[in-house]
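Build the full structure now, drawing on both the sequences and the hints.
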Amino acid sequence: MKNMTSAALRSAFLEFFRQHGHSVQPSSSLVPGNDPTLLFTNAGMVQFKELFLGREQRDYVRAATSQRCVRAGGKHNDLENVGYTARHHTFFEMLGNFSFGDYFKKEAIHFAWDFLTKELGIPVEKLWVTVFEEDAEAELIWLDDMGVDPARLSKIGAKDNFWAMGDTGPCGPCSEIFYDHGENIPGGPPGTPNEDGDRYIEIWNLVFMQYDRSVDGTLTPLPKPSVDTGMGLERIAAVMQGVHSNYEIDLFQALLKAAAKLAHTDNLDQSSLRVIADHIRSCAFLVADGVMPSNEGRGYVLRRIIRRAIRHGYRLGIQDVFFYKLVAPLAEEMGSAYPELKSAQAQVERVLKKEEERFAETLGQGMKILEACVAKMEGTVIPGDTVFQLYDTYGFPVDLTADFARENNLAVDHAGFEIAMSAQRERARSASSFGVDYSKGIILEGLTEFTGYEHLDDHANIVALYHEGQEVDKLVNGQEGLLVLDKTPFYAESGGQVGDTGQILASNAIFEVTDTQKQGGSFVHKGKLVSGSLSKDQACAAKVDQANRKATELNHSATHLLHAALRHTLGDHVAQKGSLVNAERLRFDFSHFEPVTPEQIAHIETLVNEQIRLNNPVSATVMPKEDAVKTGAMALFGEKYGDEVRVLKIGAFSTELCGGTHVERAGDIGCFKIISETGIAAGVRRIEAVTGEGALEWLASREKAFAIIAGLLKSAPEKAPEKLEQLLDKTRNLEKQLEKLQAQLASSAGDELSGKAVDVAGIKVLAVKLDQVDPKSLRDLVDQLKNKLGSSAIVLATVEGDKVSLVAGVSKDQIAKIKAGDLVNVVATKVGGKGGGRPDMAMAGGNDPSGLAEALAQVPAWIQAQLAQ
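When we follow the working numbering, the leftmost residue of the sequence shown carries the number 2, and every step to the right adds one.
I should point out that these hints are in silico values taken from the structure, not numbers from a laboratory.
We put the CB at the ideal spot given by N, CA and C, even for glycine.
Heads up, some of the hints might be wrong.
[As the list claims (entries may be wrong)] No more than 30 Å apart at the CA atoms, straight line, and that leaves these computed lysine-lysine pairs for DSS-like:
id, residue 1, residue 2
1, 804, 741
2, 674, 724
3, 789, 741
4, 377, 343
[What the hints assert, rightly or not] Simulated DEER-style distance windows between Cβ atoms:
id, residue 1, residue 2, range
5, 734, 375, 54 to 60 Å
6, 508, 628, 45 to 51 Å
7, 415, 858, 47 to 53 Å
8, 469, 837, 40 to 46 Å
Here it is, written out as structure tokens:
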């Protein structure tokens, strides 16, 4: 048996299948393109999902990949086990070979067995196989064709050996190959009572998709059975390198040593080091694929993984920001196989460093609270309300609390935490006035030919009609519904560009299209029949709203120029993170770590408008994806591309992959104006802009507003800024003078007020309302009164309209019995408010002045009660 590095194994696998007629495809992004059902790419088959479902065609029928995968959220979540077991990871590589209606069980089994036993030289006696208990065909292939010893073949039930894409749809039996790690490791063969041990480890799974499962559970044979296989690179590397734990393979050893160096330890066999080594892989690749830390969705999972790694660094005694320093050794280890990691290295380091700096304060605060709770705790269970408080108030992830508990032989009250979470969700639901209407899902088959690049109107036939989620043969006047045509000039929403609107016309019938969406290969026209009736198979004319489409095209082409201008101005780290293009404006989200300065905004606008004036042609060319990448074409965030792609060029300034509709020349855009720049997430900025007529209208509205301001200032427009600055300076000086006068008045009032204080058990108590005094002067006056009165408790109030402002002060010698925060709330609760502050000074507000007089009158009695306790 050969001793092979992980890189050599990856290459050997792909070359083996290349020689057997497979098209070797690159790993897809960890963010599944156009697939909202998945949080992350979690298996090799994800990028081929549409192929397996028959919704997409490519120029190959068999493929092989080394797919990077993440399982750290949703249904497939291995996060809590990572670092404590030999084979759980958040990030792993899946080696896979696939057949799309080409070869089936016999060939798939032959390929797997030959690669393992001949190419890698693994002894046959070290391998064990399983089949689905009802799959006699696969069993015979293993026994008769491959000559596997019947004693090393197990029949397994549907729970482990029958795969399904979902509750309905493609499914089929599995066959697995296990490796025997030896007698010195406990555990029995698969299918036996001791199968959960670590001796026999699954290294390859072959899925035979041969049925279509209906809603009632009926299995119908597929016309073109397919094969989906997967073998974990880390697991087979452990076999070939003669080790039992995945963390002992070469891929991890360099990372473990780098992490150990940061922790100043020589002991690599620590769970915290394994957590860090695993987590840097998932975090770095997620950021490289465009995911940013945030509080929702994929970004939240990334944030959890980062914070878990940082927490384990804290446990190892690492006090400085460290996690980002592991990106370099990771890029050194895996950059050759995944060059996108190398190119994004600087960006990944920036993101991880910033996130760690943000979390440092939270981590320290959360750990102190957690440790204090455990020190006072009776028993061994951390209360659910404590776990919730850490999570809700301090942003301390629940899995970090669970990690702490595990390391200290404690348990977490998960049930109590869920009760607290449920109560919070209920509060959120009660506070919300919004609702969501989820339409029934519609499964469409077939393809719509898109003619909208060349035409804005075309003749077509209606191939399907839907009303209220159900397919119908006819739509009548007044009904809302969905139309599917055999061909259409209507662009379906994609790549940030909204779907077209317009009309579909038939004899005496008008269907107003309000949106166009794409489902599978079908274009779905959503709208309302405003006259006549429409029937399936009826001929019609499809007419796109030309003005709406043209305005949208201006904004879409400008988006490409904006993207290029951002990279020219801010740097190559800028990458698109989302966009929205419609007839009114464009919105563009991009990676950048600080606000874009006014000077940079001006430069970006200048670059885009220069390109508009150059009036270069806009060209779109369809070519193989590999050729497109060689030309330097950039892919857009969140889009999924086939083997043939559309490359859009605007002169020599912008080259990107894009399926949208565009202007013919850059000059058609007219002009470009940025109207806002904001931050929307950590490391993600958003620009909104307008073009063409929209830009002219925006500029005209600003010019009109400026003229009005100049008129009010009684100034020529060009001198208005100078005149406004003079007025602002004058106003600031007057405010300072007024503040000084109010302070003097308050000081004079202090002498008079001190005489109104009453004696309560030896201390001076004053509770009064003052007129025309601002809150800051109230605070100063309370300090003056405390100095004048000595041992004292004071409440001062002022009213402006319906707003009540309160300040309470207590002399230092009395704060042991009287707290200023409690005192101010005695009054605040009577005027519809609440407040707080230091023991010697507190503030509050309210919105009900009617109760003020009564509340102030009760203060001496309340003081008397406090002193009597």
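Hint check results:
1. 804 x 741: Given that 30 Å is the threshold and the Cα spacing comes to 23 Å, the pair holds.
2. 674 x 724: holds, 27 Å
3. 789 x 741: Distance of about 21 Å is within 30 Å: holds.
4. 377 x 343: This hinted pair is violated, its Cα atoms lying about 49 Å apart.
5. 734 x 375: 54 to 60 Å: Since the Cβ atoms of residue 734 and residue 375 sit about 58 Å apart, the hinted range of 54 to 60 Å holds.
6. 508 x 628: 45 to 51 Å: Between residue 508 and residue 628, where Cβ atoms are some 47 Å apart, the hint holds.
7. 415 x 858: 47 to 53 Å: holds, 52 Å
8. 469 x 837: 40 to 46 Å: Taking Cβ atoms as reference, residue 469 and residue 837 lie about 54 Å apart, which means the hint is violated.
Checked against the numbered hints above, the structure violates hints 4, 8; every other hint is satisfied.
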